[in-house]
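Next come the chains, spelled out residue by residue.
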Amino acid sequence: MAKNLSELRVSRRQLLKGAAAAGGVTLLAACTSAAPPAATQAPVAAGAKPYAGTTVKLLMTQIDYGTGLSENLADLEQKTGIKGQVDMLAFQNLNQKADLELSTASGAYDVLQMIYIRTGRWIGAGWAEPLDSYINDPNLTDKAQFDVPDFVSGAIAPFTVGGKIYAFPWLADCTIVGYRKDLLEKAGYSKFPETFDDLQAAAAKIHTPDVAFFVTQNNMHWIYPNWMLSYGGKFFKNPPTDLTPMFNTPEAIKAADMFTTMCAKYGAPGCGSLEAAVAETIMHQGKAAVYLDGTGNVQQIIDTKRTQIADKFAFTQTPKGPAGHFPQLAVHGFLMNPAGKNKKAAWEFIKWAVSKETMLKMAMNYGHIATTRSSVLNNADVRKKYKWGDSDLTALEEGVMKQAGEGGYMAYRTVPSFPPVGDRLAQAITSVISGQAKVNDAMKSLQTDVIGILQKEGVKINP
Amino acid sequence: MSSASVYVANRRPLSHTIRRSLLYFLTAILLVIVLFPVFHLVELSLKPARDAFVMPPNLIFAPVWDNYALVMTPKFLQPLGNSAVVSVATTVISLILGVPAAYALSRGHFRRDQALSLWTLSTRMAPPVAFGIPFFLIYKQLDWIDTLHGLVIVYLTFNLSLVIWMMRTFFDGIPTALEEAAYIDGASIIGTFWRVTLPLCAPGLATTAIFCFLMSWNDFFFSLILTRSEAVTGPVAIANFMNYETWEWGKISAAGTMIMLPVVLFSLAVRKYLITGLTAGAVKG
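For the record, the sequence lines run as chains A and B.
Taking the numbering used here, I'd label the letters of the first sequence as residues 1 to 463.
Taking the numbering used here, I'd label the letters of the second sequence as residues 1001 to 1285.
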C-alpha cells in the first residue's frame, strides 16, 4: 500500500540523522565503501520454509523476463516461503538508479541486475557479493540441481573474476542480423553476404530512397565493434592488463569508415541515432532491408502483431571481416547486494530466478530467446519455438555465446573504465555519420580524449 | 439614412479582410504545428499496433481501446494516483506558505528584502541533478525514500520560489490605496489581505497554481531517484513502458494521453483566469 501524507511526522532523532546525512554529502565516497553486513539467516532445513515472511526485492530492467518472474513469484513463495518483489525500470533509468542504490549501500534491494558494462566497476568496488560460499555450501545449494556448468561459458565468464563468481547470467544479447529475404533475393543474393565488404557491395545494389538497405540502433559502442574487431581493430591493447586505447590504428579507422558509410550512405534516415524500438519499427514498415542488433531486439521484427511482413524476414549471423568473425555479446546477470539484509534468502531468490525450470518457462512463455543455459537452448521445444523459416535463432544465440566465451574478445567491455570510453566512442562515430567530422579526425581526436579519460581514472597507459 | 448608405458604411476595406484571413490562416497553421504531437499521441493510442506506423498513415480508422485497457492496471493506475496526490498536496502547501510570503515581501519594508527574494530562488539556481544525491542521502537517513510526503517536500523546495516570485509580481500590481481604504474602514492586515487583495489576485493565483501543479505533475527526475515501488509517479511509470527489447508505443501513448488529460481539463476550466493572469502587468495601466 502506498505510504501517505499521514506519515509526515518526523521524530527528533530522524531529523538529527537527516542533518548528519546532509553534512556528510561530501563524504559520499566514504559512504560507498561501507562494509557489508554479515549474513544473518539460518541454513535451509530440508522440506522446511525457513524464509517464510522474508521479503526479497529485485531491481532490474523492464523486460519480459522480469514480467515472467513477477508473474511466477508464487512458485518461489511455495518452495521457500520467500515473498519476492520485482521492481523494473527502463534500461536507461536502471543504469542511474542501480548505481545510486549500490554506491550509497542503501540495502533497499537484495538482488540487482548486474549490468554488463558495469561489471568491472561494480565488482571492483565491492558492490557484488562473491557467491562461491553459497554455491559450495551443501545446506544452501544442491549443486547437481543448480548445475553451474550448464551456463554457457561466454555468459558466465564476465561475472567470474579471480576465480570467484559474482553474478549469474540470465540474459545474453548476441548480435545477429535480421533481413528481408525477398529484397536480397530480388537483387540476386540467394544467401546473406558473408563479409562486411560484400555487405557494402550489396548495400550499393539494394539501397533506394524508399527502402534503405541498413538500419540499426543508436548504441554505437555496441554496434560499431562488430565492424571494428572484424577489421582487426581494438578498443584497448590487451584488456584488462594493458588499457592503451587503439582507436587511431589503420584497422580501427578502416572499420569506422566502413560502418559510418553503411549508416550515412545506405542507412535509413537517422541511422546511428535511432532507438532500437524505432529501428524495429522501420523494419516493420518495410522501410529497410537489414537490421543488425542483439537477439533480444532483432527477433522483435517478426512480431506479427506489429507487422504484416513478418514472413519475409530471415535471420543469420553477422558478417565477417579480414581479421575474422566477432559478433558481440552483452550479458546481464543477477548479483547479491552486499548491503542487503537477507543474504541467504537473496541467494534462494537468485537460484530460483536463474534455475533451469524458470529459464525454460521464460523461453517458452515470455519470448526469452537470449537465454544463458545450454539445457534450455538445446531443449527440443525451445528449438522448435525459435525456428523462423530456415533460420534457427537458438543456434545463432548459442553460437555467439560460445564464440565470445572461447575467443575472450569481449574483455574490453567489462573493464571498469569502459562506460565513459564507450560514450566518447559513440560521440565520435555519430559525428562522422552526421557529417560533422571526417573519420580520420574523429578517431584521432577520440584517441586523445580517451587517453585523457583513462589517465583521469588513474589508468596507466603507454601511448 | 438610406439602407444603401448603411451598407456602404459597414463595408470593410478589402485589404482588411485579406489581412484578417491571412492571420486566421497563419494561426491555423501554427495550431496544426503546435498540436500535431498531441494529435499524434492520441491517434497512436487509438490504433492497433500493426497500423500504428503504417506509411502513408491511415488518418481515418476505427479506434480501438485495447491500449487503454492494457494500461488500466495497478502498474500504471497507482503511479497516476500518486502523481495526483503529490501534485495537489504540493500545490496547496506551496500556495499556503508562498502566497503570504509573497505578500509580505511585496508590502513589507525589510532591510534586505531584495536579497531575501533572490535567496528564495537559490533552489532553482542549479539543475535538479545537482540536488539528486544530497536529497537521496538525507532521505535515506530519514527513511523518506519511496514515500509520498518525501516527494511533496522535495517539490515544495522548488515550487515555493515559483509561488513567491510570481505572486509578488501580482501583489505589486494591486494599488495600495485599495488596502488603505480597507484599513480606514477598520479592516485588519489579515482581513484586508483575505477580503481585498487576494480576490483581486485570483487570476494570478490560478496561474501560479497551474504552474505549481505542472512542475510536480511532470517531474521525472526526483520521482526516479527518490522512489522505488510504492511512491512511483506517472512519468516514471510511462518511461517503464520502454521495454529492454522494444518500446510499447501503444501503452506509452495511451498512458501519455491519460496523464495529459487532467491537466488539459483543469487548464480549460480555469482558462479565463489563466489568460488574465498571464497577461496581467503586460501593459502598464
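Please note: incorrect hints may appear among the correct ones.
[Stated by the list, open to error] Capping the alpha-carbon separation at 35 Å, the derived lysine-lysine pairs in DSBU-like fashion look like this:
#, chain 1, residue 1, chain 2, residue 2
1, A, K438, A, K79
2, A, K361, A, K234
3, B, K1075, A, K83
4, B, K1075, A, K341
5, A, K320, A, K341
6, A, K237, A, K385
7, B, K1272, A, K387
8, B, K1075, A, K305
9, A, K384, B, K1075
10, B, K1075, A, K79
11, A, K49, B, K1272
12, A, K49, A, K438
13, B, K1272, A, K361
14, B, K1075, A, K385
15, A, K356, B, K1075
16, A, K456, A, K79
Read the hints as simulated data drawn from the structure, not as lab findings.
Comparing the hints with the structure gives:
no.	hint	verdict
1	K438/A - K79/A	violated, 60 Å
2	K361/A - K234/A	violated, 38 Å
3	K1075/B - K83/A	holds, 18 Å
4	K1075/B - K341/A	holds, 26 Å
5	K320/A - K341/A	violated, 48 Å
6	K237/A - K385/A	violated, 41 Å
7	K1272/B - K387/A	violated, 62 Å
8	K1075/B - K305/A	holds, 23 Å
9	K384/A - K1075/B	holds, 33 Å
10	K1075/B - K79/A	holds, 26 Å
11	K49/A - K1272/B	violated, 64 Å
12	K49/A - K438/A	violated, 64 Å
13	K1272/B - K361/A	violated, 57 Å
14	K1075/B - K385/A	holds, 30 Å
15	K356/A - K1075/B	holds, 28 Å
16	K456/A - K79/A	violated, 49 Å
Hint violations for this structure: numbers 1, 2, 5, 6, 7, 11, 12, 13 and 16, all remaining hints satisfied.
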